[in-house]
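Listed here are the chains, written in short residue letters.
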Amino acid sequence: MVSGHVESLFSAAYDGELSPDARAAFDRHLGECSACAAAFAELTTAVDTLREQPRAQMPHPVRLPEGSPVPGRRWFEVPARLSQGRRRLAGLTAAGLVVAAAAAAAVVVVGHLNSGTVVPSSSSAGMSSGVALAPGTAIRAPLPSPQSASLLPEVGLLPVCSPKALPISKAEALEIPTGFPNHATEDNGVSTGVVATQASSFAPGATVDIYARLIDDSSHAVSLPCTVLVGPQSSSSSPGDDFTMAVPTPVAGLTVDGQPLLQVTVPATAVAGETYDILVPAPDAAVILTIQIS
Amino acid sequence: MDDEALLDRCRRGDRDAFTPLVHRYQDELYTMALRLTGNPADAADVVQETFTRAFRSLPRLRGATVRAWLFRVAVNCSHDIHRQRSRRPADPLEDSEGRVLDLPDPGLGPEATVLQRERADAIRIALLALPHDFRVAVVLRDVNQLSYEEMAQALSVPVGTVKSRISRARGLLAAALRQSPAVFPRAEEAW
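Taken in sequence, the protein lines are chains A and B. Using the working numbering, the letters of the first sequence map in sequence onto residues 4 to 297. Using the working numbering, the letters of the second sequence map in sequence onto residues 153 to 343.
One should not assume that every hint holds.
[Stated by the list, open to error] Output of the computed footprint for chain A on chain B, the stretches with three or more beta carbons under 8 angstroms from beta carbons of chain A: (1) 170-182; (2) 190-199; (3) 216-230.
[Unchecked claim] Taking lysine to any residue pairs in the SDA-like style, the calculated list, with each CA pair at most 20 angstroms apart, reads: (4) LYS315/B to LEU21/A; (5) LYS167/A to GLU178/A; (6) LYS315/B to LEU12/A; (7) LYS315/B to THR47/A; (8) LYS315/B to ASP51/A; (9) LYS173/A to VAL259/A; (10) LYS167/A to ASP51/A.
It should be emphasised that the hints constitute simulated quantities derived from the structure, not laboratory data. Bear in mind the structure is a predicted one, so any value in this text is a computation, not a measurement. For every residue, glycine included, the Cβ atom is placed at its ideal position computed from N, Cα and C.
The following block holds chain B by itself, in its conformation from the complex (with noise of 0.2 angstroms):
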């Protein structure tokens, strides 16, 4: 069943509607909210927002797609949950400088895993250090590939600004990752 028939569904009152959209999306909101955040704790706190408040307001959802609405649900939530908790304590799966430690692919050997990790940490740093706009830009675009016009719904902007601003993410990200001899291995030789 389509999205928009679950929706129905929803506004008629069916709780049982809701379920099937919560098992569709979840992962994908908890990915992009582990690429904004950084944090697998405050990532899984995005998700379980987004659901609670979409659970609210969703039937009444008009003007954009069930996954544009979530998404801009999900990117409210992000942009709340992390500067509110800013400052708590670290969480058991990142380190002492609080980076997150995915957990290793078991079908990669040794050097493998170890080039994945680097790369996920030069990516999490990276997608930090950009502004938030230009964060939630490519990560929607290149994480979760929206399409421009779900950017555009899920993001209260016009098309035009959303590509101006995968553009300008795009650059910041390279820029960002240049350095980084996981990405770009012939800069470890420079070194």
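So here's chain A without its partners, still in its complex pose (with noise of 0.2 angstroms):
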């Protein structure tokens, strides 16, 4: 491109943004400059070409997922012995994770995404302080009875902690280790949600090591998510029957590439038979894990 004075205008110019009399002035330039001159024709040249080319054609069908775009929604009650005279659910550890649920309903919602599993965005208006809870600490709390989705404000499981940004890569972030044969990943448009253990059967009172990665799709950047264990699922869960909830913590000298891991202990009370999920909660999404008890 031949420098000239005007040159920082071109592409205004070209789309019409410049004002009458910026245009004029821009116009007088190119009468008195042939380099601008010429150069602003052959910026014009070129994006006209471009322009020009043909709008091409998917050549096949698209193919959507089976199932609804809004998945079906399992309910639970924000544990009774922590929303008293606060309506809401936090669990704070020693590490500085905290994890709160909505206030104004006092409800927490985990629903199914095909695959993958919604909590859906809540207000944090009206929050009150958390309730300080040991790193992997467990809550148990009554399972109600499902309800209408469509029939209660959307509120949910929100992580208030700030995910904590890791100095690595997308690709190495994707790259789940060696090790972690249980996993999931999850990709809403918006961040890109990874979590994996090393087995998917752990017995009642045993460690699982997590490794959870969350990825903002836009910027690339990779941070160690707020990451909840949920549970238990069983073919004899109805509703009343307690479940329990605890917040996954990175411990010292438990990594993966330099960077950290995180750690849970399965409930002592879990049965052979239930299931668990470990939720990684992404923006209005979360990536869900499931373990088997045995």
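Reassemble the complex: the two chains are provided individually, in unrelated frames, and hints are given to aid placement.
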């Protein structure tokens, strides 16, 4: 490109974005400066040529996933002992990890979206301070009756902690470490979540190492997300059964390629045949990985 | 029915409401992906993946138009798929050097067809030579003709950044095409 006095205005001029006065001055300059006139003509020809390229046609039909775009949902009440007077669920660990549920309706929403799970976003207005828990502490509370999603406001499990930024690339984050064969990855177009464990089956009281990463699809920034263990689900589960919520935490010295893993303990009260879900909440969605109790 | 009305129906779980959005945007997204990746098979995969992701997340879309959102997802898919497949085998619609063989327009005579092919080839090579952010900017603006505001939504950057990227990209595109006789016939005479 030939340098000129008005080169910085070429693109705006092409788009017709210059004011009448600015355009008049621009045209006057082109009349006096052959280099700018030639360069602007060159840019115009190049962009016109691009714009004149015919629109292509998708060569085969798009196949949509099975099911409804809005998944079915399961509903859990906020554990009663944590909602007293606060209408809020929070687990505050020694590592500073906070997981809070929505304030207003005092329910935690966990819904399935194909292979993943959705945790709808919620308002945090009016929240009070959280409840301090030791790392990996389990909370037990009654499981209420399922309710119609359409009848309740969209509230949910909302991690109010800031995920810890990790100095690794998206490709590195997506590369699940050797020895973590039980894994799930979900990309909702905004974020990609990855969660993996060393096995798919654990005994009651067992320690579970968790590989969890959250990647922003635009910036490709990688973080260690706020992760939650919830359960149990079993064929015999029914409204009124207890459920557990625990917050996996980083453990000193537990790393892969120098980056942290999370760890959580399966509740000692877990029973063979039950399943628990490890959730990685992302904006408007979450990745879910199920583990079996053996 | 406009995009927002269809989106409302999607949010209520109406699967059928998604199909008109696919028909409305598939060719536009395919054209964008073809210009970004330079490869028909990759572009088709981009469109398929875009609608798969959108189907899962569109009901929860907030703060952007459906069109801008779809372009945002498609740009991310293009980036991911093109990077993953950079070493894949040549596509049947490419020649031995990996160039896309556009099908000729049957309404054009032999000379015009050759010129059309040469221009398409020059454009493809010039676009692929641009840095990714600039390629995306000029394609969204001059292939898909998104507004500055739609581009800002699609790329999650301020409008000022959109304008500066378009400006820089157009300058680079013009420089890359300068020696193409199909685009600038005078360059041919100089040879």
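Taking the hints in turn, this is what the structure says about them:
Counting residues of the region 170-182 of chain B whose C-beta lies closer than 8 angstroms to any C-beta of chain A gives 8; at least three are required, and the coverage claim holds. A stretch counts as covered by a chain when three or more of its residues have a beta carbon under 8 angstroms from one of that chain; for the region 190-199 of chain B and chain A the count is 4, and the coverage holds. Only residues whose beta carbon comes within less than 8 angstroms of a beta carbon in chain A count, and the region 216-230 of chain B has 4; three or more means the coverage holds. Distance restraint check for LYS315/B and LEU21/A: the Cα-Cα separation of roughly 13 angstroms lies within the 20 angstroms cut-off, and the hinted pair is therefore satisfied.
At roughly 18 angstroms between alpha-carbon atoms, LYS167/A and GLU178/A fall within 20 angstroms of each other, so this suggested pair holds. Our distance criterion of 20 angstroms between C-alpha atoms is met by LYS315/B and LEU12/A, whose separation comes to about 11 angstroms. With a C-alpha separation of about 16 angstroms, the suggested pairing of LYS315/B with THR47/A holds against the 20 angstroms cut-off. This hinted pair checks out: LYS315/B and ASP51/A have alpha carbons roughly 18 angstroms apart, not beyond 20 angstroms.
Under the criterion of a C-alpha separation no larger than 20 angstroms, the hint pairing LYS173/A with VAL259/A is consistent with the structure, at around 15 angstroms. Note on LYS167/A and ASP51/A: the hinted pairing is violated, with a Cα-Cα distance of about 46 angstroms set against a maximum of 20 angstroms.
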